[in-house]
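**Q** Following the hints, complete the assembly by docking chains B, C and D with the ligands onto the known chain A.
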Amino acid sequence: MLRSELSPNPVHHRTTDSRAGTDDDVDPWQDLPARPRATVQLLSPDGTRRSDPEYEPWVQDVGTDQISALYQDMVVVRRLDIEATALQRQGQLGLWPPLLGQEASQVGSARALRADDFVFSSYRENAVAYCRGVGLTDLVRVWKGTSASGWDPYAVGMATPSIIIGAQTLHATGYAMGCVKDGVDSVAVAYFGDGATSQGDVNEAMVFAASFRAPVVFFCQNNQWAISEPVSLQAVRPIADRAPGFGIPSIRVDGNDVLAVLAATRVALDRARRGDGATFIEAVTYRMGPHTTSDDPTRYVDKAEHESWAGRDPILRVERLLELGGHLTPELTRAVTATADAAAREMRDGCHGLEPPEPLSVFDHVYTSPTSWLERQRRQYEAYLAMYQDAPGGGEG
Amino acid sequence: MLRSELSPNPVHHRTTDSRAGTDDDVDPWQDLPARPRATVQLLSPDGTRRSDPEYEPWVQDVGTDQISALYQDMVVVRRLDIEATALQRQGQLGLWPPLLGQEASQVGSARALRADDFVFSSYRENAVAYCRGVGLTDLVRVWKGTSASGWDPYAVGMATPSIIIGAQTLHATGYAMGCVKDGVDSVAVAYFGDGATSQGDVNEAMVFAASFRAPVVFFCQNNQWAISEPVSLQAVRPIADRAPGFGIPSIRVDGNDVLAVLAATRVALDRARRGDGATFIEAVTYRMGPHTTSDDPTRYVDKAEHESWAGRDPILRVERLLELGGHLTPELTRAVTATADAAAREMRDGCHGLEPPEPLSVFDHVYTSPTSWLERQRRQYEAYLAMYQDAPGGGEG
Amino acid sequence: MAVQTLAAAIGTGLRRALQDDPRVVLLGEDIGRLGGVFRVTDGLQRDFGADRVMDTPLAEAGIMGTAVGLAYRGYRPVVEIQFDGFIYPAFDQIVAQVAKLHYRTGGAVRMPITVRVPYGGGIGAVEHHSESPEAYFTHTAGLRVVTCSSPQDAHTMIRQAVACDDPVLFFEPKRRYWVKGDVDEVIDETTMAMDRARVVVEGDDVTVVTYGPLVATARDAALAASDDGISLEVIDLRSLAPVDYETVEASVRRTGRLVVTHEAQQHGGVGAEVAASITERCFHHLEAAPARVTGFDVPYPPAALEDHFLPDLDRLLDAVDRVMGRQNSLSGWRG
Amino acid sequence: MAVQTLAAAIGTGLRRALQDDPRVVLLGEDIGRLGGVFRVTDGLQRDFGADRVMDTPLAEAGIMGTAVGLAYRGYRPVVEIQFDGFIYPAFDQIVAQVAKLHYRTGGAVRMPITVRVPYGGGIGAVEHHSESPEAYFTHTAGLRVVTCSSPQDAHTMIRQAVACDDPVLFFEPKRRYWVKGDVDEVIDETTMAMDRARVVVEGDDVTVVTYGPLVATARDAALAASDDGISLEVIDLRSLAPVDYETVEASVRRTGRLVVTHEAQQHGGVGAEVAASITERCFHHLEAAPARVTGFDVPYPPAALEDHFLPDLDRLLDAVDRVMGRQNSLSGWRG
Ligand SMILES: Cc1ncc(C[n+]2csc(CCOP(=O)(O)OP(=O)(O)O)c2C)c(N)n1
Ligand SMILES: Cc1ncc(C[n+]2csc(CCOP(=O)(O)OP(=O)(O)O)c2C)c(N)n1
Ligand SMILES: [Mg+2]
Ligand SMILES: [Mg+2]
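Residue numbers (numbering that gives the first Met the number 0), protein chains in the order written: chain A, 0 to 396; chain B, 0 to 396; chain C, 0 to 334; chain D, 0 to 334.
So that you can see chain A by itself, here it is in the shape it has in the complex (with noise of 0.2 angstroms):
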């Protein structure tokens, strides 16, 4: 069975000791590394191993199978994407916002978590959802606009998306926070872009973060965009530098390798687990289609440089990889071509069956239990909605 969830990493005791201090009478500079390193990659764009003595043991379990899950993920995920472009398209959705070509970042840190993480997202982590176990109807819910989120959250280990830029950094710290405060070793994992990293939340959350060893991930997509603003009205220096000033550890990875992103992300969570608090990692990696379905990139994109990105396809080089192994087979070539198809079958099928609310549900979960004043409001409506129901309705200026 191809989409198996990849063998989580030895588990350590989280220390208790849970914050950190500065003592002005030692060289403050003592631990900190003569300088970062390079970008991590193990698979190159031709897909060739790229021997990586730090990274590499970290995906040592990696054989050909689960290779090929990796490949089968990307490929759906590809198409599902695709296919809800389609959909918007043709009406069904009112929005959507394409990963094309941020598959490797998202499916190989996805795939690297355990169940009882929790992932806190932006709006354009459907492959992260949906290797966390969403529903593929559920993916589209919220882009159709027939409910306000597309799944329970707890079900599935993975916050509703938060459409405000960088607010989920500081859910996914205080998450963190409680995971120390409950004893047990699951880790929060933030997914942000590169534009997010300007908000004074998400550098406030690597102060909590900080402050309070809190077991969190902090995954930068940095696909070189924000609409159409480049990384570098953002940055002037690459955004992995950001987090070590706020003591916390960073890592450069190249988005596009899904097993860099794999080891990238093991290597995160392992020292979250063991108590040694935050990472943040910067998936270098590029968006190839519009910001939403509503944005036009020709206004704004080089045509030379969405090319030059185009040879570095996440797809195309674990591929390689297989085929050069000899794995690529026509059986492997059809079951994952199968599961795409029937993936974004039972997409499109759920998506043309959802259905508009009840009217009266707009005053639903609004609190927790019901008020006086707005139970007033609603039956107010109701009152309204059957007035209306009797006579003939009017239509709207």
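These are computed hints drawn from the structure, not numbers from a lab.
Reference excerpt, derived from the structure (chain A facing chain D, CB under 10 angstroms, subset only):
hint : residue
1    : 175
2    : 178
3    : 199
4    : 210
5    : 370
Label-pair restraints from in silico Cβ distances:
hint : chain 1 : residue 1 : chain 2 : residue 2 : range
6    : C       : 225       : A       : 383       : 21 to 29 angstroms
7    : C       : 225       : A       : 298       : 44 to 52 angstroms
8    : A       : 345       : D       : 184       : 51 to 59 angstroms
9    : D       : 186       : C       : 73        : 56 to 64 angstroms
10   : D       : 186       : A       : 382       : 36 to 44 angstroms
11   : B       : 345       : D       : 186       : 54 to 62 angstroms
12   : B       : 355       : A       : 382       : 52 to 60 angstroms
Residues from chain C that face chain A, not an exhaustive set, calculated with beta carbons under 10 angstroms:
hint : residue
13   : 88
14   : 124
15   : 295
Glycine included, each C-beta is placed from N, C-alpha and C at the ideal position.
**A** Same frame as chain A, but now just chains B, C and D with the ligands:
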């Protein structure tokens, strides 16, 4: 004349290109210094000069006269600070935030500025205000509660203090962006505390400053405390470590060493004037008094810590330097004492003379021109006051 | 005089403002090369340079705070907030700094900052893209809050806002962006000030007070009601702070009946303020309690439910019936 | 039953909450070793440990955002905002996350977060330390907003707030922190729910609606008015969202006259909502337009002027005279 401005550094023209980019194909860390240098100190606590080939040249012009002037500044501001605390105890002021112990950080940095530079500060920078030429009575207006602000920012090149922690760092950055637009080489200086570094605003200020290469100096007085919270709660690494990740070079300086602070600030100003953008200075100092006159530090400050810092007094070490050179003459001591006494007297008298404003001035300056709406409230309140001036007044509940 | 969409009319207004005053600068996310997600600033960076039309990092507090610094330095920043729901990270800078600096400095420092906010619902969007946060700002002393409902007003009012020495929150009714109308780009003594309300339909029986996106709905209601023999006077408030109560008062003194309608939630909305103030001013002229037709006191719902949140023609006419004492949905309501 | 100050009564309430439920955690600036700048949490960190009473970094958005994460994990965070004027950096997390997460997740995620805010003026403080920002939150669907005026209510209501599964903004009238009163620490079926208003003085002529710091002023007014032969009914709203309109309505139906008073600015304040809602509900019982006595629509002024901003006994009595049709400061007002 002791209180004269120190001569500004040579002025270079600012380059016009205002934003740096990131190129992913180049080693992103090629221009990162191997490791940050140790804390800058030019004057040890015992009053002897310490050699520092990098920073010494920046204070080569500072001879005995100027050291005496800095000494006098520090004595005067300490005297004013103590006087203001006394005024608060006597019920003349509602509150006072003492700067005791931070004289070198404030005087050393403020005396490096030109008149056309612009300061955005927090509430504790009364020595900076003094150096900017703020009137002595103006220093206490806000704390007496007779006025919303003490002075006209444009008259002294210093904004009215921001009580909202960190907000002013963005103002300084925006002002600096304006300086670039205007083609002048003035610099904006933001003063804030160690606690402030946790605020989103301060981090966003660094993002904007880096992105727009704004000529701003971020001057953080790390006085070890944010009310009752030690700096270790805000930062697990030295605060100066934070800025480089944003692409802003930083300097850690002994904040109780007026010469080192002067040198570091000059380096930062020079860089800004040359068009090289922002610098972050962490002045390591100590808040010797309470947070404000309302605070009770005995609840949280360790006595031994306090005493160890008392041994690093910023005024004492200049006194020792002057003494070692034979310059602490009775004339100087007399002159300095007389100046301090006169200043304290002027401030005290001014404070006593402050009258509450006219009742109807509560409606002034809400807008730049009257609105019928607020004018109506004003006239109604006028009618109300008129009625009560005729009738016997009532008490408050 | 040329036909422009409401969005384009704001664009031409900004263009004029940039031409008229070299201290005007625009700041925001994606306003440069992209021209903003609604293309309101389309072409402005090309024509005025990246120095005056600045794409900023993705941080609303940062945008607002640097605008304060630019204003300190004598600039007139025009900030674009991409959508209504993204203004909250800037809330502190707006209410604690922008609104108060002139007061705080005894008039020494001016904050001629315009904050443009596309707002309101009805466009089938996802969360945070359909909100009406204007009441937060009308409750904040020191701010001016205005909104427009026609291309002409959009054009003149944005220019007046930018020229105003006070901070102005400028709310743009995004679902009316593509409405077209004649726009005269001449501003002279005859141009209505931005803090004045406008009677857009004259009538005798009921005063309908509204603003922004619902002005069109209220006009339609006036038409529909007249078929029923009821004469509505429709007032477009335009300025929500200060409110031009004189105009509303004069109308209600005649009609004796008031309906206020807006998209924002009811509790503590602008409608509460208008109803309370007009009741204070016109109590003895009122034939019925002022009625409010607003969004319900729930978070803005998902798109499939927004028609059950937003006031529309029918809900408005139902309220008109209520204040007229005619049969309506609450006839016989016992609470 | 013991005599406690209002501040201490909140402290004992928090202590009980920490004892009763291990998922309750306190977060804030200086709440640990220092016990908060008002000493409300004095001794709690000592007794419950730094794991449950946590000093946080100086960042309000950070505090609120991590509280959201803790709530996601099943905790019941109680956040202290040091002063009213420092809540705005957390505004986005409050209105876009805390208020909406239960709605957004279709009820799957609860946000039992209590946000404690010492608020209001009259203590001679510097800027940002005397504000009354409650209306911003009452306009935000999904939040509950309450405030207390006596030690007994302070104690029971903070416990009810912490026990409530909805987010609660808990406003503490800081100038009444040192008021003393008997506090019964028993909560049972007879305890009034926190969303109910309380009639604190019964009377027949005028209903005075208020909350928090001005309840004491309204009580004094009732005493003073009775000397004049006027009988005031004073209602302490306690809950500002939702408002217990039933209690207010029942009172105004009897008295026919309403005065609402609060410290916050008038325009768009809670008084506007109460006046508008009660006018809707009791129009035909009203003898006079509801009157509002509030802070003026200016930023909170410097301490030397705060007596000319804050409603006091005399301004309240003047409004009573106005709704009673007696001689008052606006007699003969022409506008
Ligand atoms: C607070 C806030 N401001 C603005 C927006 C509008 N917005 C939506 S996505 C986006 C760009 C985000 O860029 P990035 O963080 O790089 O994520 P990406 O879209 O590239 O995945 C912007 C500005 C928002 N959603 N929230
Ligand atoms: C936004 C905000 N939150 C909280 C406060 C309350 N407060 C005033 S001073 C202070 C501590 C500031 O510490 P630091 O930045 O180190 O400056 P210092 O007082 O040490 O000079 C706090 C929490 C405030 N003024 N503003
Ligand atoms: Mg991006
Ligand atoms: Mg400090």
